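J.: Go ahead and model the full structure; you've got the sequences and the hints to work with.
Residue numbers (the numbering used here), protein chains in the order written: chain A, 1 to 463; chain B, 1 to 463.
Check the hints yourself; a few may be wrong.
Said to hold, decoys possible - Examples of chain A residues toward chain B, derived with CB under 10 Å:
#: 1; residue: PHE118
#: 2; residue: MET252
#: 3; residue: SER339
Honestly, the hints are just simulated from the structure, not real lab data. These figures come from a predicted structure and were not determined experimentally. Beta carbons: idealized from backbone N, C-alpha and C, even for Gly.
There are 2 protein chains.
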Amino acid sequence: MLHYTLTKQPGAPLYEGLYKAIRNDILQGRLQAGRRLPSKRDMAADNNLSITTVLNAYQQLMMEGYLVSEEKKGYFVADIAAMPDMAHPGTERKPLYVEDVWFADFRSNSILYHHFPFATWKKVLREILSEYDLELVKRANPFGLRVLRLQIADYLYRVRGISVSPECIVIGAGIEYLYARLITLFPPAAIYAVENPGYQKISQIYQAYHLRWKSVSMDASGIYMDDLRTQDAAIVHVSPEHHYPLGIMMPMNRRQELLAWAAESDERYIIEDDFDCEFRYNSKPVPALKSLDTQGKVIYMNTFSKTLSPAVRVSYMVLPDHLMEQYIQKTHFYTNTASSLEQYAVARFIEKGYFERHLNRVRKLYRQEGEHLWRLLSESRQIPIRKLSDASSGTHLLIELDTDLTDAEVKRRAEERGIYVACLSDYCSRNSDLYEHTLILNYSELEENVQREAIRRLGLIFV
Amino acid sequence: MLHYTLTKQPGAPLYEGLYKAIRNDILQGRLQAGRRLPSKRDMAADNNLSITTVLNAYQQLMMEGYLVSEEKKGYFVADIAAMPDMAHPGTERKPLYVEDVWFADFRSNSILYHHFPFATWKKVLREILSEYDLELVKRANPFGLRVLRLQIADYLYRVRGISVSPECIVIGAGIEYLYARLITLFPPAAIYAVENPGYQKISQIYQAYHLRWKSVSMDASGIYMDDLRTQDAAIVHVSPEHHYPLGIMMPMNRRQELLAWAAESDERYIIEDDFDCEFRYNSKPVPALKSLDTQGKVIYMNTFSKTLSPAVRVSYMVLPDHLMEQYIQKTHFYTNTASSLEQYAVARFIEKGYFERHLNRVRKLYRQEGEHLWRLLSESRQIPIRKLSDASSGTHLLIELDTDLTDAEVKRRAEERGIYVACLSDYCSRNSDLYEHTLILNYSELEENVQREAIRRLGLIFV
Numbered sequence: 001m002l003h004y005t006l007t008k009q010p011g012a013p014l015y016e017g018l019y020k021a022i023r024n025d026i027l028q029g030r031l032q033a034g035r036r037l038p039s040k041r042d043m044a045a046d047n048n049l050s051i052t053t054v055l056n057a058y059q060q061l062m063m064e065g066y067l068v069s070e071e072k073k074g075y076f077v078a079d080i081a082a083m084p085d086m087a088h089p090g091t092e093r094k095p096l097y098v099e100d101v102w103f104a105d106f107r108s109n110s111i112l113y114h115h116f117p118f119a120t121w122k123k124v125l126r127e128i129l130s131e132y133d134l135e136l137v138k139r140a141n142p143f144g145l146r147v148l149r150l151q152i153a154d155y156l157y158r159v160r161g162i163s164v165s166p167e168c169i170v171i172g173a174g175i176e177y178l179y180a181r182l183i184t185l186f187p188p189a190a191i192y193a194v195e196n197p198g199y200q201k202i203s204q205i206y207q208a209y210h211l212r213w214k215s216v217s218m219d220a221s222g223i224y225m226d227d228l229r230t231q232d233a234a235i236v237h238v239s240p241e242h243h244y245p246l247g248i249m250m251p252m253n254r255r256q257e258l259l260a261w262a263a264e265s266d267e268r269y270i271i272e273d274d275f276d277c278e279f280r281y282n283s284k285p286v287p288a289l290k291s292l293d294t295q296g297k298v299i300y301m302n303t304f305s306k307t308l309s310p311a312v313r314v315s316y317m318v319l320p321d322h323l324m325e326q327y328i329q330k331t332h333f334y335t336n337t338a339s340s341l342e343q344y345a346v347a348r349f350i351e352k353g354y355f356e357r358h359l360n361r362v363r364k365l366y367r368q369e370g371e372h373l374w375r376l377l378s379e380s381r382q383i384p385i386r387k388l389s390d391a392s393s394g395t396h397l398l399i400e401l402d403t404d405l406t407d408a409e410v411k412r413r414a415e416e417r418g419i420y421v422a423c424l425s426d427y428c429s430r431n432s433d434l435y436e437h438t439l440i441l442n443y444s445e446l447e448e449n450v451q452r453e454a455i456r457r458l459g460l461i462f463v
Numbered sequence: 001m002l003h004y005t006l007t008k009q010p011g012a013p014l015y016e017g018l019y020k021a022i023r024n025d026i027l028q029g030r031l032q033a034g035r036r037l038p039s040k041r042d043m044a045a046d047n048n049l050s051i052t053t054v055l056n057a058y059q060q061l062m063m064e065g066y067l068v069s070e071e072k073k074g075y076f077v078a079d080i081a082a083m084p085d086m087a088h089p090g091t092e093r094k095p096l097y098v099e100d101v102w103f104a105d106f107r108s109n110s111i112l113y114h115h116f117p118f119a120t121w122k123k124v125l126r127e128i129l130s131e132y133d134l135e136l137v138k139r140a141n142p143f144g145l146r147v148l149r150l151q152i153a154d155y156l157y158r159v160r161g162i163s164v165s166p167e168c169i170v171i172g173a174g175i176e177y178l179y180a181r182l183i184t185l186f187p188p189a190a191i192y193a194v195e196n197p198g199y200q201k202i203s204q205i206y207q208a209y210h211l212r213w214k215s216v217s218m219d220a221s222g223i224y225m226d227d228l229r230t231q232d233a234a235i236v237h238v239s240p241e242h243h244y245p246l247g248i249m250m251p252m253n254r255r256q257e258l259l260a261w262a263a264e265s266d267e268r269y270i271i272e273d274d275f276d277c278e279f280r281y282n283s284k285p286v287p288a289l290k291s292l293d294t295q296g297k298v299i300y301m302n303t304f305s306k307t308l309s310p311a312v313r314v315s316y317m318v319l320p321d322h323l324m325e326q327y328i329q330k331t332h333f334y335t336n337t338a339s340s341l342e343q344y345a346v347a348r349f350i351e352k353g354y355f356e357r358h359l360n361r362v363r364k365l366y367r368q369e370g371e372h373l374w375r376l377l378s379e380s381r382q383i384p385i386r387k388l389s390d391a392s393s394g395t396h397l398l399i400e401l402d403t404d405l406t407d408a409e410v411k412r413r414a415e416e417r418g419i420y421v422a423c424l425s426d427y428c429s430r431n432s433d434l435y436e437h438t439l440i441l442n443y444s445e446l447e448e449n450v451q452r453e454a455i456r457r458l459g460l461i462f463v
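T.: Here is the structure:
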């Protein structure tokens, strides 16, 4: 009889605990090759588990080669030493990549998984699976399925005031992928401007492709036009609806200035990253920069990674007509990177209204979470808060700290307590000293009880 | 006094109606720049609204730049540039991209859709959908799901004699995507060598990212080593198992020469594109170059696009340890481009043996198709065939023509008859004159009756 004491971990299925416990015993040599495991029924009874839980654990172990099953005989521990090295790197070598596990990850821009509408999403996928055959496997339109592009065009018009032809929408398996495609449309010497502070991922992509990029300062209205001009950039990357991490909403006059700047030269373009537009709580989102773009100067980008899930790989960009023509010419021989099944599913999810219903629901949840975190912080007696941003949009708060501790020290102390945080200075490629002593707390993944404990632990840093 | 008749729309807050009415008046010029609006109290009284409703509408208008407020003076219409009229996206226009439709497309490297194992594939997808929840939506390992990487490692060992750790396998949504990621690992000035003739897509990717690439001649054993040395390349791209389009299988001595070349300098690497390895009909595939790679010089690439379907977006590459370490460092912040659902499905498809069963089936089909096409061609009295390649591997035939017609003319005449063909010269970036008068017929997508009619029509060209 094998006895394992398993406690349900939030977010992890129970079978995973059993799977890990048995795998561990095999790797440690406590369960040796050839040893017969208890039947599913016995294992379930001995450990007070359901047979399904045991079955799932056994299947996972078989899939990974730790167990073998013999018909009518049962499950046996595999001879892992005899298997090729590569099947069991755990026994042979240190894994090259191990994801950190934190009690609370305030850096994560992920979603509240437990509120994902699994039932509806699966229903839609099952519908697509019953209705389509050939369409799911044949080579699809290289720029994305037409049904999805139509739904996106309609959604953009309804929700963001953007009027675009579906012909100018390009679907891709993620924003980073689309960036990597987009740069092939511009001359090799073009200078890309990114906001400082801003998403470091963007400049990392430019860096990775050996392109020239410069960072531009921000003022209270967003990207600082004088600095943009000084940098001699051709392509500028902005998030006018909700700048990350500063949270700035670019007002209309700055938008007009930016468009006027782009109109001055044929080489100039604006990339509008609208990823956070769905999360404004006290008012409607402001119409996108793209909706004001009469001269074909704005490239609009958005994704379903945040609104649906990071594992649903469907993002999109909207190109001005003439760039779309170039894009078609240069890339029509590529296969689209997004799966047809998921493209159909997202299209139907939007079409049936499930997407907007889901958005309304998570918008409420994020708002509550944000307000909850805001209250926790305002009431904290230990965190030396000089200024706290409001929780009226986005899914993060900024906390200006009244402390002598360096940002590195704050982060180190937080990590010691299982809390992973970023500082504003982490998002700077220059002038990071101007942005010191400000924590960024992304809360979209964190439930209220986790928040409470995390803020308590953060407080301990300053004691 | 401004009077608006607002009716409550279900689902829309009342302030939105007021906001839209005022915005409309501003856009239409009925409320001109500088005009003072009624106070919130007056506006509320005049229109039988609450002050909060008016406040919300004014705030939205201010945020969008239609109104400005001056302290103690009130709200004024802003001086905004005329905004574009928003046409609904449904507006009729010519599509920018239309896919050509051919009676027979001999350029397509696609699959026999009607033989795709829909029932099994859907069964697997449905299983995954019932068994998993959280795993389908949570942020996955950035390099690919472990279950899939384990299955691929196992498959590579079993079928291709390659022993690799799953840790060194990177999953991505397509080979082209993986290429675009791979180049970020090499210095910007590195010279890439591609085979001539060869896949033009590869050099197009290098071109798109403004990298230096050179084409290297082929001899009967594959890439010509003397020419490779002359080109001063660092990274060379080859398909030793089955060169496209020449169909050459690189013999062991050339493989050793190539590995020795790579070993001469730390900067040198070989990219082994093994996409066609599954289609060798009279013998087992030769062990991959990667399986001979003791020095970490070979990057191995393969995809399920050809073996499963181009719409299943799961490809992979195997990196040498030290490159994998670099890759992890540079790209762990990217989200994987392949959908988790499809990754789980492909993993189970392999694990359950469905994949190899499917491969055995299509391998037979392709062999039959190839032999059928070969017979049709040998029996054709009209096509002036000088030499016909054999159909013992891959999914295309080469036909050397005895004709004075230029390649362009042959293609034009074929297209007039609904037949889309490529010539060997299309796959050359230089010395295309050496490869003139040779047609490439890809047949993997074409059933026997289509082949028969297509060959009849091709014959008419030469009459």
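J.: Checking against the hints above, which ones are violated?
T.: none
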